[in-house]
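Take a look at the letters that make up each chain.
Protein chains: 2
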Amino acid sequence: MSELPGIRWSRRAVRTPDPPISWLMKHAIEHPDCISLAAGFVDSDTLPVEVTGACVRQIMSEPATARAALQYGTSQGLGSLRRQIAERLARLDGITPGSHRVTADDVVVTTGSQQLLLLISEVLLDPDDIVILGAPSYFVYMGILQSMQVRVRAVPTDADGMDTDALAATLRQIEATGDLDRVKIIYCVSYFQNPMGVSLSLPRRRRLAELAQEFSRRHRIVVLEDAAYKELGFTDEVPSPIKSFDPRNEFVAFTSTFCKPFSAGLKTGYGVLPPELMTAVLRQKGNHDFGSANLPQWIISTAIARGDFDRHLQVVRAGYARKKSILAEAIRTHFPPQTRWIDPAGGLYIWAELPAAIPTGPHSEFFRRALERQVLYVPGEHCFFPAAGVEPPPSAMRLSYGVCDDTHIAEGGQRLGRLACEMLAEAKVGSGLSR
Amino acid sequence: MSELPGIRWSRRAVRTPDPPISWLMKHAIEHPDCISLAAGFVDSDTLPVEVTGACVRQIMSEPATARAALQYGTSQGLGSLRRQIAERLARLDGITPGSHRVTADDVVVTTGSQQLLLLISEVLLDPDDIVILGAPSYFVYMGILQSMQVRVRAVPTDADGMDTDALAATLRQIEATGDLDRVKIIYCVSYFQNPMGVSLSLPRRRRLAELAQEFSRRHRIVVLEDAAYKELGFTDEVPSPIKSFDPRNEFVAFTSTFCKPFSAGLKTGYGVLPPELMTAVLRQKGNHDFGSANLPQWIISTAIARGDFDRHLQVVRAGYARKKSILAEAIRTHFPPQTRWIDPAGGLYIWAELPAAIPTGPHSEFFRRALERQVLYVPGEHCFFPAAGVEPPPSAMRLSYGVCDDTHIAEGGQRLGRLACEMLAEAKVGSGLSR
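The listed protein sequences correspond, in order, to chains Z and R.
If you're matching positions, the first sequence starts at 1 in my numbering and goes up one per residue.
If you're matching positions, the second sequence starts at 1001 in my numbering and goes up one per residue.
So here's chain Z without its partners, still in its complex pose (with noise of 0.2 Å):
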């Protein structure tokens, strides 16, 4: 028998490996004891169950809105939520059509956020080219820009989200460099950051959509704002999205989800694009599926219709709040006190920097003991692009309160404290001794 001769991979392909958190996933559904404060998956107890099928009976009882719920869409998604989206955007944030030039023309619905965050760069980004992003970021991102082959330049974040002035020097750096016109986006999560749960703050907003426009010098550079935790704040007080400070919708693409703040079963996401970008995005989404599922799509529209959305939306905030406070409560009681944490406003991860002298990278100590007493976490390295400009902590970890139940949020967090604790004190014995 002739050998099987290999398949030729495209370069994309071969710039794609698996994600570094798969493993992480794998080892979740293999374990399923282990406590996972990794996944980010939502809250399960505050899934609308209810409203769906409230929802969806009430658009199957109509059969011209059955039908049309069950026949194609369009690839921009269904005019009802779109118009929905941007009535929302103009009554919570006023971003409308008098000040921002934004209709439900520039409303574009997509397979959740991620896939709206790859058409972006799909349609913006060649080999080469220049994504400046915020430091830890979001790990799924920086795979798309790893499998396209861009260079990424990392600036540090702080409690403030994205440092501007970082920013600024860095821009004033690659244009020093003569590399400003391979640059073509900004990345930034501005709301309850994956994986620190901060936010940026206003003037950091304002200013971040300044130096976009003022670096703009030959070409557009688009400011990617992903705001998928957006709508998860414990508080009412959210600062407005960068793109209310692009008052002619020019450089700023808005990306949202219904994932998080309602159903991630429906994988529904949503931007809010300049003209040109909506159409290129358009184009190539013809090319991806010519639009996402159009039932997800009619139900949410349904429950925004009905008020369930806004009243769910309580409920989803409220869980969250709760299930912070837990995790919260466990690092203030068990971690080392001179653990570095971020207590976070709103979203679904707690950023914790552990004593130096214990590393909780994938090959170390911490982490396999961690493994041992069935507890899971992303290390803080994975939400570091390699060789980007900002090295990551060697001790910090993304803990997500997100899916657990309280109890296992309050084991966990008490398993992770009490290993780093005893590791710890066995480093300064071990310490001790040596002297």
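Hints in this document: simulated from the structure, not taken from any laboratory.
For glycine and all other residues, C-beta sits at the position ideal for the given N, C-alpha and C.
Some hints here could point you the wrong way.
Once the Cα atoms are required to be at most 20 Å apart in a straight line, the calculated EDC-like pairs of lysine to aspartate or glutamate come out as [as the list claims (entries may be wrong)]:
1) Z:428 / Z:353
2) Z:428 / Z:365
3) R:1026 / R:1372
4) R:1026 / Z:276
5) R:1428 / R:1365
6) Z:26 / R:1276
7) R:1428 / R:1353
8) R:1026 / Z:105
9) Z:26 / Z:353
10) Z:26 / R:1365
A few chain R residues that don't get close to chain Z, going by computed Cβ distances all over 10 Å [what the hints assert, rightly or not]:
11) 1013
12) 1103
13) 1239
14) 1315
15) 1319
16) 1329
17) 1339
18) 1368
19) 1414
20) 1428
Since the structure of chain Z is already known, use the hints to place chain R on it.
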């Protein structure tokens, strides 16, 4: 006010124009009185309204199931649905773990089969690689190839589908010019092909699989089998897929969809892939969306488990058989007798070629007058990749009986036929006068 700098697009964006039929779609939307025999939409009367309602009620009535359906799924898709797909292939086509090494692990669920065509192309194709396809062919897939800057070689299609002798000759010729290393994909719509309505004959299925294997000298050439219309046969006598001639699951990527036989609004497709290709596709899909919408997959899986899917399929098939007969009858009755057309045994399309004196292209007199009479078709030339080796016949058209109701199908067919007869008479008079 300074001038707004333009956006610098990626090469892929530049190579992705509006699809040729987008203006047809736009025209149909703006002129709702127009009878569209152009739209590839599915029949609205046979959409599974009751079935979908019942499945959602069942899913939502069980809390654990409801939560699973509204939570994130996986990139590969719902396990129960993948098992059902594998079981159907085993039952209907004899593609089993024993005979073909195919299990649920080899099945992936995607956002329609369109997304899978894209993903497979993305992991295999670099610019200047070669794809061989039948001509005419599915224009949306041709759009993907154009955006990826690959070379396309077309092979003629007749009533038995893609001409495999011509395929062999094409492969030999490519080998002779030293380009065989660039051939990555042979694309074939194997059932009731879009646009001609023909199916690949059983001997040619076998031959196509053999040719891919024979010419896989230094790397594997993948047969991309697009079986989107497989379940829309008007009888139960449909040949086994090309995939059935790939006993070790090595050379053939089989793709299909639930959009046509069940509901386009659920936008759920699937495929069976060789293991290495599965790995690469799943990595890429992780970047695209890390899983298509989950609830639609649960609905389809529930419908299959309840037996509703197979029952509904009979309704769908009978509906298309009836509508096909109506359009066929209109062609027989009203089109010029010299018209060459194919009476399909399944699917959504009739391919017709008028006498050569009546060109049907988008800038033709015939097309203009058809628009005036409020009837739309897809000009045949849109179904041929430019300069790929097979020239489009000047007078062909794709007529779809998918979405129109019986009355409009009959009326649309009659209008087109009468117009063709009138123009033929005018041409005869004209040529008579000019003598």
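Practice problem: Could you let me know if the closest chain Z CB is still more than 10 Å away from the CB of residue 1315 of chain R? | Solution: holds, 14 Å
Self-check item: Satisfaction of hint between residue 1276 of chain R and residue 26 of chain Z, Cα-Cα up to 20 Å
Solution: Holds, because 18 Å separates the two Cα atoms, which is no more than 20 Å.
Quiz item: Does the no-contact call for residue 1414 of chain R survive, Cβ to all of chain Z over 10 Å?
Solution: Non-interface label stands for residue 1414 of chain R: nearest chain Z Cβ at 26 Å, farther than 10 Å.
Quiz prompt | Given hint residue 1365 of chain R paired with residue 1428 of chain R - CA-CA distance at most 20 Å | solution = holds, 16 Å
Practice problem: Over 10 Å to the closest beta carbon of chain Z is the bar; see if residue 1319 of chain R clears it. | Solution: At roughly 13 Å from the nearest Cβ of chain Z, residue 1319 of chain R sits farther out than 10 Å, so the non-interface label holds.
Exercise. Please work out if residue 428 of chain Z and residue 353 of chain Z have their alpha carbons no farther apart than 20 Å.
Key: holds, 18 Å
Practice problem: Find the nearest Cβ of chain Z to the Cβ of residue 1339 of chain R and say whether that gap is larger than 10 Å. | Solution: holds, 30 Å
Exercise. Beyond 10 Å from every chain Z Cβ: check whether that's true for residue 1368 of chain R.
Key: Given a closest Cβ separation of 26 Å, the condition holds.
Exercise. Would you check whether the claim that residue 1329 of chain R is not at the interface survives, using Cβ distances to chain Z and the 10 Å cut-off?
Key: holds, 26 Å
Practice problem: Assess, step by step, whether the Cα of residue 1026 of chain R is no farther than 20 Å from the Cα of residue 276 of chain Z, and give holds or violated. | Solution: With a Cα-Cα distance of about 18 Å, the restraint between residue 1026 of chain R and residue 276 of chain Z holds, given a limit of 20 Å.
Quiz item: Closest CB-CB distance from residue 1239 of chain R to chain Z, is it above 10 Å?
Solution: The assertion about residue 1239 of chain R holds, with a minimum of 26 Å to chain Z.
Quiz item: residue 1026 of chain R and residue 1372 of chain R: Cα distance at most 20 Å?
Solution: Holds: residue 1026 of chain R and residue 1372 of chain R sit about 16 Å apart, inside 20 Å.
When the structure is compared with the earlier hints, violations turn up for hints 9, 10 and 11 and for no others.
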